[in-house]
Amino acid sequence: MRGIVRAGPPSVHALGLAVAGLSLLLAAAVLPLDAPPLSLFACPFRAATSLPCLCCGCTHAFAAAVRMHPLDALGFNPLGALAAGALAVHVLWTALRLCGLGWAPAAIAVTSRFRVGALATLGLNWAFVVLRGGP
Amino acid sequence: MLARCPSCRSTFSTDRTGAQDCPVCGKPLVVPPPSGGGETGPESPVPPPTEPPPAPGTPWERRAELGAFRAWWETVVQALFEPGRLFRSARLDRGPAQLGFAVLTASAASIVEQLVEYFFLRNLTRTLLQRLAASGPMAAYSQKLAASTPETSPRAAALLMLCTPLIVLVFVYLNAAVTHGAAALLGQARRGFAATFAACAYACAPLVLLALPACGSFVGLVWTVVLTGIGLQQTHRMPTRSAAAAVLAPYALLCCGACALGVLGGMAALRGAP
Numbered sequence: 253m254r255g256i257v258r259a260g261p262p263s264v265h266a267l268g269l270a271v272a273g274l275s276l277l278l279a280a281a282v283l284p285l286d287a288p289p290l291s292l293f294a295c296p297f298r299a300a301t302s303l304p305c306l307c308c309g310c311t312h313a314f315a316a317a318v319r320m321h322p323l324d325a326l327g328f329n330p331l332g333a334l335a336a337g338a339l340a341v342h343v344l345w346t347a348l349r350l351c352g353l354g355w356a357p358a359a360i361a362v363t364s365r366f367r368v369g370a371l372a373t374l375g376l377n378w379a380f381v382v383l384r385g386g387p
Numbered sequence: 024m025l026a027r028c029p030s031c032r033s034t035f036s037t038d039r040t041g042a043q044d045c046p047v048c049g050k051p052l053v054v055p056p057p058s059g060g061g062e063t064g065p066e067s068p069v070p071p072p073t074e075p076p077p078a079p080g081t082p083w084e085r086r087a088e089l090g091a092f093r094a095w096w097e098t099v100v101q102a103l104f105e106p107g108r109l110f111r112s113a114r115l116d117r118g119p120a121q122l123g124f125a126v127l128t129a130s131a132a133s134i135v136e137q138l139v140e141y142f143f144l145r146n147l148t149r150t151l152l153q154r155l156a157a158s159g160p161m162a163a164y165s166q167k168l169a170a171s172t173p174e175t176s177p178r179a180a181a182l183l184m185l186c187t188p189l190i191v192l193v194f195v196y197l198n199a200a201v202t203h204g205a206a207a208l209l210g211q212a213r214r215g216f217a218a219t220f221a222a223c224a225y226a227c228a229p230l231v232l233l234a235l236p237a238c239g240s241f242v243g244l245v246w247t248v249v250l251t252g253i254g255l256q257q258t259h260r261m262p263t264r265s266a267a268a269a270v271l272a273p274y275a276l277l278c279c280g281a282c283a284l285g286v287l288g289g290m291a292a293l294r295g296a297p
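Those sequence lines, one after another, are chains A and B. When we follow this note's numbering, the leftmost residue of the first sequence carries the number 253, and every step to the right adds one. When we follow this note's numbering, the leftmost residue of the second sequence carries the number 24, and every step to the right adds one.
There may be inaccurate statements among the hints.
Each pair of labels, with its calculated beta carbon distance range [to be verified]:
no.	chain 1	residue 1	chain 2	residue 2	range
1	B	Pro57	A	Ala287	49 to 55 angstroms
2	B	Tyr141	A	Leu374	38 to 44 angstroms
3	A	Leu376	B	Pro57	41 to 47 angstroms
4	B	Ser158	A	Arg365	49 to 55 angstroms
5	B	Leu183	A	Phe380	31 to 37 angstroms
6	B	Ala180	A	Asp286	21 to 27 angstroms
7	A	Pro296	B	Pro177	27 to 33 angstroms
8	B	Val242	A	Ile256	44 to 50 angstroms
9	A	Val282	B	Pro57	43 to 49 angstroms
Over the 12 angstroms line for every Cβ pair with chain B, so calculated as not near, a few chain A residues [said to hold, decoys possible]:
no.	residue
10	Val318
11	Leu326
12	Leu344
Incomplete in silico selection of chain B near chain A, CB under 10 angstroms [as the list claims (entries may be wrong)]:
no.	residue
13	Ser33
14	Gln43
15	Cys45
16	Pro119
17	Leu122
18	Ala163
19	Tyr196
20	Ala199
21	Ala200
22	Gly204
23	Ala207
24	Leu208
25	Leu209
26	Gly210
27	Gly215
28	Ala217
Hints listed in this document are in silico derivations from the structure and should not be mistaken for laboratory results. Note that the Cβ used here is the ideal one computed from N, Cα and C, for glycine as well.
Just chain A, same shape as in the assembly:
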């Protein structure tokens, strides 16, 4: 299976995801972490259990990633940092496809092995965030 395949212009969902991703990345770049609205984000899970949830640290990871501090971003939440990177790649690739690039990433075949790997990755990421204590 090839990782990149020939494709036409991006679909409406590819465009929608690119707009949503660009908005998130711009918000992470522009909004300060210690002022409203981002400072108002409170994790109810953490408040109830004193443990960080799976997504704790993602806001800090996005902010660090768009400021080109990849190691800090990975330290806050590894999957959050990877998601920020994946969104940036998707935005850039969609823009290139709009300009005429005739290639796109192939769809991932979700096999049972892939599912087990994804669940293990989520578990490891959560263990990392819990052991690190969150942002």
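Starting from the known structure of chain A, fit chain B onto it as the hints suggest.
Below, chain B without anything else, positioned relative to chain A:
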């Protein structure tokens, strides 16, 4: 439309007919026109034998014949009271229409909510927050909220209203992406992202309740989660339990993980105890 790759036999959703590559195995194939134009060569994909006839489309997807307001109203009423019928009639190749419905419905209701809050309920909200901030388990958080409330100038309020459609778009795509990820992890995302997106977009219909002060937001959000489950069941044709699991998994995962960690931590503490 849906097509099947003759090489890897996987079904996928595509926006166009003609020569293209399979998104799963990458091999070239030809998608025939929906009218069944007669391409029956070895490279021509055939519709899956279990695939039912194409859906007629929701009222919103037929708004050209019904009129925009009537189509919107009928879609909202069907979503609230006949969700199974609505999701069964949704067409997976009408992503732009579904996105438009979600953004229009949730944005309009949210802007009405913001206007009501700004002109009629601002002082009441501030008083309530100050009382909550005085004591209780939410005191610290309420203090933060109360401190940020006076900063809502008319210009900031207008800017927030202008940004509302973009915020709704981000919400719809984030919700669809997380839900599709959960469905894929459960092995139930049989008809691609377009099916999940249709479910999530029409599930935004109860967000019209955002316009109601007080409990409207809470009721609307809970109803949206329930409708997303019904939508996944119909659009992906998955069992009810799988649809419920796909919608609730992102929330349940957190609780189960916490319980597991709590149990492990408790066991470790007991082992270390004298």
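Tested hints:
no.: 1; hint: Pro57(B) with Ala287(A): 49 to 55 angstroms; in the structure: holds (52 angstroms)
no.: 2; hint: Tyr141(B) with Leu374(A): 38 to 44 angstroms; in the structure: holds (40 angstroms)
no.: 3; hint: Leu376(A) with Pro57(B): 41 to 47 angstroms; in the structure: holds (45 angstroms)
no.: 4; hint: Ser158(B) with Arg365(A): 49 to 55 angstroms; in the structure: holds (53 angstroms)
no.: 5; hint: Leu183(B) with Phe380(A): 31 to 37 angstroms; in the structure: holds (35 angstroms)
no.: 6; hint: Ala180(B) with Asp286(A): 21 to 27 angstroms; in the structure: holds (22 angstroms)
no.: 7; hint: Pro296(A) with Pro177(B): 27 to 33 angstroms; in the structure: holds (32 angstroms)
no.: 8; hint: Val242(B) with Ile256(A): 44 to 50 angstroms; in the structure: holds (46 angstroms)
no.: 9; hint: Val282(A) with Pro57(B): 43 to 49 angstroms; in the structure: holds (45 angstroms)
no.: 10; hint: Val318; in the structure: holds (15 angstroms)
no.: 11; hint: Leu326; in the structure: holds (21 angstroms)
no.: 12; hint: Leu344; in the structure: holds (17 angstroms)
no.: 13; hint: Ser33; in the structure: holds (7 angstroms)
no.: 14; hint: Gln43; in the structure: holds (7 angstroms)
no.: 15; hint: Cys45; in the structure: holds (8 angstroms)
no.: 16; hint: Pro119; in the structure: holds (5 angstroms)
no.: 17; hint: Leu122; in the structure: holds (6 angstroms)
no.: 18; hint: Ala163; in the structure: holds (9 angstroms)
no.: 19; hint: Tyr196; in the structure: holds (4 angstroms)
no.: 20; hint: Ala199; in the structure: holds (8 angstroms)
no.: 21; hint: Ala200; in the structure: holds (7 angstroms)
no.: 22; hint: Gly204; in the structure: holds (8 angstroms)
no.: 23; hint: Ala207; in the structure: holds (5 angstroms)
no.: 24; hint: Leu208; in the structure: holds (5 angstroms)
no.: 25; hint: Leu209; in the structure: holds (8 angstroms)
no.: 26; hint: Gly210; in the structure: holds (6 angstroms)
no.: 27; hint: Gly215; in the structure: holds (8 angstroms)
no.: 28; hint: Ala217; in the structure: holds (7 angstroms)
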